[in-house]
Amino acid sequence: MRRLALIALPYAWLLALFLVPFGIVLKISLSDIALAIPPYTPTLDFSGGWAGLKSFVSQLDFENFVFLTTDDLYWKAYLSSLQIAVIATFLTLLVGYPIAYGMANAPDHWRATLMMLVILPFWTSFLIRVYSWMGILSTEGYLNQLLLWAGLISEPLTILNTPVAVYIGIVYTYLPFMILPIYSALERMDGSLLEAAEDLGCSRLTAFWLVTVPLSKNGIVAGCFLVFIPTIGEFVIPSLLGGSQTLMIGKVLWEEFFNNRDWPVASAVAVVLLLILIVPIILFQRNQQKQQEAEG
Amino acid sequence: MRRLTWFNATSLTLGFAFLYLPMLILIIYSFNESKLVTVWAGFSTKWYGELLRDEAFIDAALVTLRVAVVSSTIATVLGTMAALVLVRAGRFPGRTLFSGMIYAPLVMPEVITGLSLLLLFIGIGLDRGILTIILAHTTFSMAFVAVVVSSRLMTFDRSLEEAALDLGCSPFDAFRLVTLPIIAPAVISGWLLAFTLSLDDLVIASFTAGPSATTLPIKIWSSIRLGVSPEINALSTIMIAIVAVGVITASLVTKRASLRQQAEERAAAQQA
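As you go down the protein sequences, you meet chains A and B in turn.
The first sequence lines up with residues 10 to 305 when you count with my numbering.
The second sequence lines up with residues 95 to 366 when you count with my numbering.
Take these hints with a grain of salt, some might be off.
Cut-off 16 Å, straight-line C-alpha distance, at most; resulting in silico cross-link-like pairs (EDC-like, lysine to aspartate or glutamate) [claimed, not checked]: (1) K313/B to E149/B; (2) K226/A to D199/A; (3) K140/B to E325/B; (4) K129/B to E149/A; (5) K140/B to E127/B; (6) K349/B to D117/A.
The hints are simulated quantities; they were obtained by calculation from the structure and are not laboratory data.
Since this is a predicted model, take the numbers as computed values, not measurements.
Working from the sequences, and respecting the hints, build out all of it.
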């Protein structure tokens with residue numbers, strides 16, 4: 010009895026506030042836009058009984074999904090989100106790996122402090138961390154002031170409102186997610202393996218590629234997924250730093266909903282985004298399971 | 095294996111400079127006299143004054159705190175229950191769906207969570223306001239609590255609980271007196287995580303908040319869309335300071351606790 014209550018309460022909550030809302034998104038993605046409140050048709054009306062349900066189903070169609078394929082904006086936005094996510098994940102790895110490596114090789118009594126320094130930004134507001142780059146990257150910003158003062162450039166660079174600013178923003182905000190799994194993989198590594206490799210005639214660099222990198226593979230893979238998956242649907246970073254030049258699907262969905270008030274198309278965009286995300290999510294879960302089995 | 099020291103030192107210095115310089119600049123320029131945020135015109139705390147006199151900001155901060163306290167508390171209760179179900183309940187019909195629904199919010203884009211909840215609230219005719227934000231935040235943050243607590247429960251030694259039951263505890267007392275104190279650190283960090291996620295959230299709150307309730311991130315968002323503002327720099331500095339004090343205190347407390355535990359274990363080992 011008690012077990013039943015324990016299961017039922019969180020289960021009911023998730024059904025009502027997680028699964029049912031998805032059903033609604035799916036349903037609205039198959040509906041038509043209408044000048045009404047709510048602004049779509051048909052609406053489900055149970056008073057019509059079985060006949061009402063049949064006419065409701067017959068009015069649903071895939072028009073919005075067809076629309077997504079005919080209008081350039083959408084598939085370009087999906088592709089460019091994927092592209093930005095791939096490049097940004099790679100850049101985050103390039104920046105994050107040396108930091109994780111440095112942490113793993115730091116003296117023992119530093120490590121707790123270094124860990125805290127990596128985690129601290131994660132607790133500070135995401136919005137503020139993205140915002141902090143607006144003042145740095147703008148045309149009159151601190152970076153341009155510094156470069157002009159140093160005489161490295163004669164004209165201010167345009168960085169804010171370009172994809173470059175989006176990459177910087179993503180690397181900056183998601184860096185802890187990359188560092189932590191790599192650090193925990195590197196920290197567990199047995200240092201004598203490297204010594205053995207060097208005794209056997211490897212140079213330090215070869216030993217790094219042949220020993221350290223493969224042994225930290227699990228951390229690299231986990232870190233990449235942790236950056237890649239949330240980046241695809243990112244909204245705040247492209248909106249604040251990317252300007253009108255950067256096309257990302259999270260932003261398109263937001264604008265479709267709030268600016269164009271086209272709920273059916275916004276819902277269709279969400280459904281397709283979810284279908285795209287399922288592949289990396291399943292791969293990630295498999296990877297995590299494999300790792301747990303290997304450790305357990 | 096301590097080598098390439100110059101390389102490690104450089105990568106750590108550059109890495110942490112990258113992580114902290116932007117925030118440092120923000121803090122420094124929050125004390126700037128000029129309204130032109132990128133031009134230094136002398137030290138002043140006037141933007142802090144302006145911020146504290148701005149009632150819209152104070153109201154938004156209070157709404158955000160109320161939402162965060164209530165939603166993270168409900169999320170902690172539900173998330174802990176969910177973790178117990180995941181780790182302890184064994185097989186039951188619909189288990190796969192249940193664990194799917196627990197883990198899905200972790201990877202769900204916020205725009206989709208926000209959109210779907212908004213469509214639900216409109217569908218059932220619930221007026222948007224503080225209540226709807228609380229419901230939305232509870233739903234996505236309970237997943238994070240469940241993950242944190244279940245990872246603690248997996249390493250939990252059940253024989254302790256069985257001993258309590260053998261000694262005549264009711265199952266509820268065994269949970270309250272044995273299990274809960276042991277998983278308490280995980281429950282507390284789950285609550286803190288849920289609290290921070292709620293404080294921080296812009297996207298889901300924007301979808302689920304009506305005109306009657308504005309949270310701090312929504313307010314910040316509407317002031318920074320047009321560019322950098324000195325008031326927001328001041329607000330950011332205050333928020334960064336609160337977080338820094340909190341995290342540093344927490345890490346000192348855990349460090350001291352682990353030192354004490356080590357000392358006790360050493361003493362026990364010596365006695366034995």
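Now for the hints, and whether the structure bears them out:
no.	hint	verdict
1	K313/B to E149/B	holds (12 Å)
2	K226/A to D199/A	holds (15 Å)
3	K140/B to E325/B	holds (9 Å)
4	K129/B to E149/A	holds (14 Å)
5	K140/B to E127/B	holds (7 Å)
6	K349/B to D117/A	holds (14 Å)
Going through the hint list in order, the structure satisfies each hint without exception.
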